[in-house]
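Engineer: Chain A is fixed; fit chain B onto it per the hints.
Protein chains: 2
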Amino acid sequence: MSFHGVRVVDLTRVISGPFCSALLADLGADVIKVEPLGQGDPVRAQGVMVGEMSSYFANYNRNKRSIALDLYAPEGKEILADLLVGADVLVENFRPDVLGKMGFPAERLKQINPALIHCNINGFGANGPYAERPAFDLIVQAMSGFMSCNGTADEPPMRSGVPIADLVCGLYAALGVAAALHGRAPQSGGASVQVSMLASLMSMLSFHATNYLNSGEVAPRTGNDHAIVCPYGLFATADGEIAIAPSNDAIYAKLVKALDLEERLAAPAFATNASRIARRGEVNAIIEARTKTASSAHWIDVLNRAGVPCGPVYGVGQAFDDPQVRSQKIAAQTEFAGRPIGVLASPILLDGLKSAPRLPPPGLGEHTETVLREIGCDDGRLAELRAKGVI
Amino acid sequence: MSFHGVRVVDLTRVISGPFCSALLADLGADVIKVEPLGQGDPVRAQGVMVGEMSSYFANYNRNKRSIALDLYAPEGKEILADLLVGADVLVENFRPDVLGKMGFPAERLKQINPALIHCNINGFGANGPYAERPAFDLIVQAMSGFMSCNGTADEPPMRSGVPIADLVCGLYAALGVAAALHGRAPQSGGASVQVSMLASLMSMLSFHATNYLNSGEVAPRTGNDHAIVCPYGLFATADGEIAIAPSNDAIYAKLVKALDLEERLAAPAFATNASRIARRGEVNAIIEARTKTASSAHWIDVLNRAGVPCGPVYGVGQAFDDPQVRSQKIAAQTEFAGRPIGVLASPILLDGLKSAPRLPPPGLGEHTETVLREIGCDDGRLAELRAKGVI
Numbered sequence: 007m008s009f010h011g012v013r014v015v016d017l018t019r020v021i022s023g024p025f026c027s028a029l030l031a032d033l034g035a036d037v038i039k040v041e042p043l044g045q046g047d048p049v050r051a052q053g054v055m056v057g058e059m060s061s062y063f064a065n066y067n068r069n070k071r072s073i074a075l076d077l078y079a080p081e082g083k084e085i086l087a088d089l090l091v092g093a094d095v096l097v098e099n100f101r102p103d104v105l106g107k108m109g110f111p112a113e114r115l116k117q118i119n120p121a122l123i124h125c126n127i128n129g130f131g132a133n134g135p136y137a138e139r140p141a142f143d144l145i146v147q148a149m150s151g152f153m154s155c156n157g158t159a160d161e162p163p164m165r166s167g168v169p170i171a172d173l174v175c176g177l178y179a180a181l182g183v184a185a186a187l188h189g190r191a192p193q194s195g196g197a198s199v200q201v202s203m204l205a206s207l208m209s210m211l212s213f214h215a216t217n218y219l220n221s222g223e224v225a226p227r228t229g230n231d232h233a234i235v236c237p238y239g240l241f242a243t244a245d246g247e248i249a250i251a252p253s254n255d256a257i258y259a260k261l262v263k264a265l266d267l268e269e270r271l272a273a274p275a276f277a278t279n280a281s282r283i284a285r286r287g288e289v290n291a292i293i294e295a296r297t298k299t300a301s302s303a304h305w306i307d308v309l310n311r312a313g314v315p316c317g318p319v320y321g322v323g324q325a326f327d328d329p330q331v332r333s334q335k336i337a338a339q340t341e342f343a344g345r346p347i348g349v350l351a352s353p354i355l356l357d358g359l360k361s362a363p364r365l366p367p368p369g370l371g372e373h374t375e376t377v378l379r380e381i382g383c384d385d386g387r388l389a390e391l392r393a394k395g396v397i
Numbered sequence: 007m008s009f010h011g012v013r014v015v016d017l018t019r020v021i022s023g024p025f026c027s028a029l030l031a032d033l034g035a036d037v038i039k040v041e042p043l044g045q046g047d048p049v050r051a052q053g054v055m056v057g058e059m060s061s062y063f064a065n066y067n068r069n070k071r072s073i074a075l076d077l078y079a080p081e082g083k084e085i086l087a088d089l090l091v092g093a094d095v096l097v098e099n100f101r102p103d104v105l106g107k108m109g110f111p112a113e114r115l116k117q118i119n120p121a122l123i124h125c126n127i128n129g130f131g132a133n134g135p136y137a138e139r140p141a142f143d144l145i146v147q148a149m150s151g152f153m154s155c156n157g158t159a160d161e162p163p164m165r166s167g168v169p170i171a172d173l174v175c176g177l178y179a180a181l182g183v184a185a186a187l188h189g190r191a192p193q194s195g196g197a198s199v200q201v202s203m204l205a206s207l208m209s210m211l212s213f214h215a216t217n218y219l220n221s222g223e224v225a226p227r228t229g230n231d232h233a234i235v236c237p238y239g240l241f242a243t244a245d246g247e248i249a250i251a252p253s254n255d256a257i258y259a260k261l262v263k264a265l266d267l268e269e270r271l272a273a274p275a276f277a278t279n280a281s282r283i284a285r286r287g288e289v290n291a292i293i294e295a296r297t298k299t300a301s302s303a304h305w306i307d308v309l310n311r312a313g314v315p316c317g318p319v320y321g322v323g324q325a326f327d328d329p330q331v332r333s334q335k336i337a338a339q340t341e342f343a344g345r346p347i348g349v350l351a352s353p354i355l356l357d358g359l360k361s362a363p364r365l366p367p368p369g370l371g372e373h374t375e376t377v378l379r380e381i382g383c384d385d386g387r388l389a390e391l392r393a394k395g396v397i
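From first to last, the protein sequence lines stand for chains A and B.
Going by this note's numbering, the first sequence opens with residue 7, and the numbers climb by one from there.
Going by this note's numbering, the second sequence opens with residue 7, and the numbers climb by one from there.
So that you can see chain A by itself, here it is in the shape it has in the complex (with noise of 0.2 Å):
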């Protein structure tokens, strides 16, 4: 496994930051998880629970160990420092001072360690006028200007239903954090990992970005239309409705064959895309009318075999049941207490092999003796430091 042998100090919770750690751990790393005493990460309280354990939670924490401290205690902060000492990474995410105010500023982890990587996920930005502020996904979508992409132009915008800018900006941190492992010399300093979610999610407008800083313009939203590429979108068949997505005037001229409209749309006037475009429900609406005559499935086996990409729309149990998605094992297994839970496999294959789930999702501290025995905790130890409410 890549990063077998890499050990995480992990101090996030809710998704982001859990997100980071879990792609690592899926890749092999050992991650130990320091979650609050009491009620530890709150995702373990959200989500279809299977008996006692979030089926959310498990999601981006399985793989992982965990340890459940008091890190306002003084005992708590010595503890997180030993576990550093040994850490490659230290990951976390907190707002940007909080960590410093806990005792732990980058100078106090130099000293500790001078090779640990620290990777800080926060929201807008470590410096800056909103440094201070709160994050959460739906204000980076709102502001970060996703949310003004999706959507039809006479409604207002749209947000994902998915945290997608707190799981973009996990991922990137966990890119940054395999750099960051890459670029570290064995006998050389560590480095600084930061990634906000807001420049994550900005770094997703593509074209969108392109378009606007080098000509000020903004196109309108445009639902599921594209806003450059015409026919493109959902059309509806005799029994739901199919996307196809033709890129180029080759394939258009495949899907015209294929749908049996040569009389129609092979003329001179939708030769071109920009053609196309000026005539879009026109375009849209002849095709619409050959697609309703037959089912989906039929018009997806057509198509693709004529080499235009196109497919279902699906629910997500729809997703999840398809043959495809069963052949790619897209949905793994880890269990809790002896009860299967369904989580999402890592969609990296390294030669071939999958990185299942190897740990089921952990109790809060139900690692906390063996870690803490890891890093010379003895029995009169750890019963002092129960005895004082540190773990």
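There may be inaccurate statements among the hints.
Because identical chains cannot be distinguished in the list, a pair is counted as satisfied if it fits within a single copy or across any two copies.
[Unchecked claim] Computed list of lysine-lysine pairs in BS3-like fashion (alpha-carbon distance at most 30 Å, straight line): (1) Lys107 - Lys394; (2) Lys263 - Lys83; (3) Lys394 - Lys116; (4) Lys335 - Lys116.
In case anyone wonders, no lab produced these hints; they're calculated from the structure.
Predicted, not measured: the structure shown is a model, and the values here were computed from it.
Structural biologist: Frame of chain A, contents of chain B only:
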């Protein structure tokens, strides 16, 4: 720079693959983009042009060098083999069997360079019933269930207007390559990394996926409201609308206090998130009646100071003009033929530094001669290849 010294041979085109190699290039890798003679990567002709250069292409290909090559000619294949000898990574987003048909099946790659990391980015997986289908962002958004999570219950599923399937897949692929680079001992064999757009986007389904996999149930689309949190969403103000997202009861209490609505919303009837979801219409109406009495700027200031996540709903242009976005240098600049081109900076800060564009986007084949000289072609050979139309 973290991937300084890593050489990537990049056969990708369009978005998912070029984004993967751009992420590696931003982090220091020497990426050699191999393009077909004539038109090159189709994205060269898309989006807003700055002189002869597409700003869309510039964004995903800055920091790379380009060589233009006829990979169907035997001499073109020889050059590719020579390039691979000195490479660390090969990235391609062909359909599964294309590289083999070109004369580079896995066994041949292993012969050419046993330490090579081969990254394949595909649409639906390298095997399974749809492996040969042409992929496109919209189709993956539709088939993955992602679209079904976006929009309101009474409207059809809504795609994201950004090519999110391409981009998330590119991010996973870059992480996979980084992990393989870390795991690869210098003397050991290479590695294979495979990532599909379908598995990548499904991995973003988060609680929608885990709820379905563990209960068999899928909640209806909730538009800009959160399925399991209330209040949450967009609220009209005197001069626009704002996003508000209190993530737990403690922050709900802060919201109610900051809005001076304690008399109406601190009642026991609204004490729990569940009770508020049951009366969402009423809760939202009371809040919106209040937010409409002052400007967006007023409430954004008041609520953030109270610790309630709140922000504006920006268009793309407004997002780039925001003072925080400016402070974070999220927009960056490169140039081509003396003209500045606005692009997106990498959101990853390493040791406090953003990886700014260090090389402009390449003209098609701009580095053919330089790179071929690096792998040992002399004047005679270059003239011969030119005469044969291979370069």
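Engineer: Each hint should be assessed against the structure and marked as holding or not.
Structural biologist: To see whether the hints hold, each was checked on the structure:
1. Lys107 - Lys394: The answer is within: 22 Å in one copy meets 30 Å, while 68 Å across copies does not.
2. Lys263 - Lys83: Classified as neither; 69 Å inside a copy, 34 Å across copies.
3. Lys394 - Lys116: Within one copy only: 29 Å inside, 59 Å across.
4. Lys335 - Lys116: Answer is between; shortest inter-copy Cα gap is 27 Å, intra-copy 42 Å.
Violated hint: 2 only; the structure is consistent with all others.
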